[in-house]
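Asks: Chains A and B, in that order, are what the protein sequence lines are.
Going letter by letter, the first sequence gives residues 3 to 309 in the numbering used here.
Going letter by letter, the second sequence gives residues 80 to 473 in the numbering used here.
Hints are computed from structural coordinates only; laboratory data are not their basis.
Mixed in with the good hints there might be a few duds.
Said to hold, decoys possible - Below, in silico cross-link-like pairs of lysine-lysine (DSS-like), each with a Cα-Cα straight-line distance of 27 Å or less:
(1) B:Lys284 to A:Lys36
(2) A:Lys210 to B:Lys413
(3) B:Lys285 to A:Lys69
(4) A:Lys248 to A:Lys36
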Amino acid sequence: MNLNEIMVSETSGETVEETRVAPIENPVLKLMRKDRMPHIWCPGCGIGTAVNCLSRALDSSGLDLDKVSIVSGIGCSGRVAGYMDLDSFHTTHGRAIPFATGLLLSNPELKVIVFSGDGDLFAIGGNHFLHAARRNQDMLVVCVNNYTYGMTGGQVAPTTPLKSTQSTMPYGNFEEPLNLPQLAEAAGATYVARWTVFHVRQLVKAIKEGLEHKGFAFIEILSPCPTLYLRRNKLGDGVDQVRYFKEHSVLKNGAETREVALKAACPISVGKFVERQAPCWTDVRNAQLSAALGERFASSGGKHGGN
Amino acid sequence: MKASPEGVLTGVHFIDGDHAACEGALAAGCRFVSGYPITPSTEIVERFASRIPTVGGMFIQMEDELASSIAILGAAWGGRKVMTVTSGPGLSLMMEHIGLAVITEVPCVIVDVQRGGPSTGLPTLPGQADMMQVKWGSHGDYEIIALAPSSPQECFDLMIKAFNMAETWRCPVFFMMDEAVGHMVERVEIPPADQIEVVERRWTKKAPADYLPYEPGPDLVPDMVKAGDGYHIHITGLTHDERGYPALNCAAQDKLVRRLSDKILKNADKMVDVREDGCDDADIIVISYGITSRVADEAVEEARARGLKVGSARLVVCWPFPDSVIERFARTAKAIVVPELNLGQMVREVRRVVSGVPVFGVDHAGGAVHEPERILEVIMQAASEAGLENGGRS
Numbered sequence: 003m004n005l006n007e008i009m010v011s012e013t014s015g016e017t018v019e020e021t022r023v024a025p026i027e028n029p030v031l032k033l034m035r036k037d038r039m040p041h042i043w044c045p046g047c048g049i050g051t052a053v054n055c056l057s058r059a060l061d062s063s064g065l066d067l068d069k070v071s072i073v074s075g076i077g078c079s080g081r082v083a084g085y086m087d088l089d090s091f092h093t094t095h096g097r098a099i100p101f102a103t104g105l106l107l108s109n110p111e112l113k114v115i116v117f118s119g120d121g122d123l124f125a126i127g128g129n130h131f132l133h134a135a136r137r138n139q140d141m142l143v144v145c146v147n148n149y150t151y152g153m154t155g156g157q158v159a160p161t162t163p164l165k166s167t168q169s170t171m172p173y174g175n176f177e178e179p180l181n182l183p184q185l186a187e188a189a190g191a192t193y194v195a196r197w198t199v200f201h202v203r204q205l206v207k208a209i210k211e212g213l214e215h216k217g218f219a220f221i222e223i224l225s226p227c228p229t230l231y232l233r234r235n236k237l238g239d240g241v242d243q244v245r246y247f248k249e250h251s252v253l254k255n256g257a258e259t260r261e262v263a264l265k266a267a268c269p270i271s272v273g274k275f276v277e278r279q280a281p282c283w284t285d286v287r288n289a290q291l292s293a294a295l296g297e298r299f300a301s302s303g304g305k306h307g308g309n
Numbered sequence: 080m081k082a083s084p085e086g087v088l089t090g091v092h093f094i095d096g097d098h099a100a101c102e103g104a105l106a107a108g109c110r111f112v113s114g115y116p117i118t119p120s121t122e123i124v125e126r127f128a129s130r131i132p133t134v135g136g137m138f139i140q141m142e143d144e145l146a147s148s149i150a151i152l153g154a155a156w157g158g159r160k161v162m163t164v165t166s167g168p169g170l171s172l173m174m175e176h177i178g179l180a181v182i183t184e185v186p187c188v189i190v191d192v193q194r195g196g197p198s199t200g201l202p203t204l205p206g207q208a209d210m211m212q213v214k215w216g217s218h219g220d221y222e223i224i225a226l227a228p229s230s231p232q233e234c235f236d237l238m239i240k241a242f243n244m245a246e247t248w249r250c251p252v253f254f255m256m257d258e259a260v261g262h263m264v265e266r267v268e269i270p271p272a273d274q275i276e277v278v279e280r281r282w283t284k285k286a287p288a289d290y291l292p293y294e295p296g297p298d299l300v301p302d303m304v305k306a307g308d309g310y311h312i313h314i315t316g317l318t319h320d321e322r323g324y325p326a327l328n329c330a331a332q333d334k335l336v337r338r339l340s341d342k343i344l345k346n347a348d349k350m351v352d353v354r355e356d357g358c359d360d361a362d363i364i365v366i367s368y369g370i371t372s373r374v375a376d377e378a379v380e381e382a383r384a385r386g387l388k389v390g391s392a393r394l395v396v397c398w399p400f401p402d403s404v405i406e407r408f409a410r411t412a413k414a415i416v417v418p419e420l421n422l423g424q425m426v427r428e429v430r431r432v433v434s435g436v437p438v439f440g441v442d443h444a445g446g447a448v449h450e451p452e453r454i455l456e457v458i459m460q461a462a463s464e465a466g467l468e469n470g471g472r473s
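Chain A with its partners taken away, still in its complex shape (with noise of 0.2 Å):
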């Protein structure tokens, strides 16, 4: 069963047609750079798809592309950024969101898109991302998940699960992995998300809503490994994850975070677990400055500029 099927056999008749039509240039090429392509990824990685995801939610958002930018930091899931025809930014080990905030604060107008991975949003960048949230900072994170690090040759991640053998894990990770979900509301994101890359309709569905969400949305994607998480613990290829996913997630819409913790031998909890209204960083700034001057202040800054 290829991924097209999977998608196919998920979707409800009148969109079956639409799918199994093969088009003359794929509709997510448009917003890819063409010129850059083949990219980097081994076959059975699941960021392909989550990409795929990202371009089908940002294709049918109605944004101005032109004013979309996407920051991405090191690592497999690091080089999406410079496949995406947008104002695209690979910038250092996981500094991608503080990068994110400086460009997104610099001016307003812009939609600023993070898109990185577990190792460099969690480990290395776990602060920064800690610190954007609690801001509630206009922007969405989307973190692709595969359990390792990749691009570096299958190390332990602060995702990985536990007892699985990872290259600087080898006798079995004893360490236990992050709850991202848990994460990100805790410390303040307002809409928190998690899908597989499996759920390839949902994810468009949740992208679109983070594209949307005035404030700090952080969406989740888990993703195969094929290459080194699967084979290393003899998991099959990515096909076989896919099928895991499907066979294995609980549509968990508005469940408690602290409870969609990844562990062996349970369900995957999927969904859209987090969404609440609060001002973002720039408004409530705006709110507290412009109690606090009056006239004075300026919120649009003369010609260098301002927010």
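Chain A is already provided as a structure; the job is to place chain B on it using the hints.
Replies: For chain B alone, coordinates are given in the frame of chain A:
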């Protein structure tokens, strides 16, 4: 172009170097600062946080220096003139983003109010021991620009120059203050906005279809755009080609890294700023920078009073190092004396450039400025070893 009046606090002020540096940044058009508190630099961001809401711009205190040093790079791509501010320990954390700013050619100013190190060292006391760190601290081959003010007035004046150089050469510019200059309170005169020259960003005139983000101009510097203008740029810390696309091969590396260095080194004569006093016919030249220049000047005066021909050369721009000026000194002077608040950093550069002329360092581990007598002592020793008449003794 002239400075925007909303950022210029025209008038005569009695403020310290930290506050003056902040006013210099505002006058230069800096409209985004991210920082993290660290002694003895904090007053700069405190003043910016207080001033910027009425000027129009943005300040954010980030969660650490890793964040503050990359938030400014994001903001620069958003179109702002940007600055971050720190001291030794924070500077150490910023190193990776200095490399990112160099390779992606982001105009930015990084203020280092130097204190005694290494590590936590002497948080409230002066040092000048970060001079080599800013030049060499990030990995890989690169060149940067560094300026050293020696008074609150210069913290204002040279800060404008620092921003102008960052915009002209599209590279990080370090503003090498120290605790003494930062906390010294003096008269600072801020001129009217129409008397302040500021350099606008090198915005491209090309349409998106014709624009390559890293196609250099004749001065080896590419023109810039900002996010949101429809250019769909790709900016990466990987070695890249003129399109900005990763190019992970030897030829691309050679081309990029050489150009990044050459744009500074081959244009160095346009950047050199050495303030000379009596160097043309001097037997001994004292080369100094920052706060140490003010102490050195006292020693120079005393040596002159003792009958020696001593010149004073103050490095306002420390990096790129003014090779051509120092070479000229070496042709006429019989000895060179280099006092600095470290165990011998810029004196290595002087020794690299000169040959056949003895070079005397006057080191100091930091925590205070030199005693002028100590510098005078070395000037007299240099005179004596050079066989100068009367050894300066009157």
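Asks: For every hint, state whether the structure bears it out.
Replies: Verification of the supplied hints:
1. B:Lys284 to A:Lys36: Between lysine 284 of chain B and lysine 36 of chain A the Cα gap is close to 25 Å, so the pair holds against 27 Å.
2. A:Lys210 to B:Lys413: violated, 73 Å
3. B:Lys285 to A:Lys69: holds, 19 Å
4. A:Lys248 to A:Lys36: violated, 31 Å
Of the numbered hints stated above, those contradicted by the structure are hints 2, 4, listed in ascending order.
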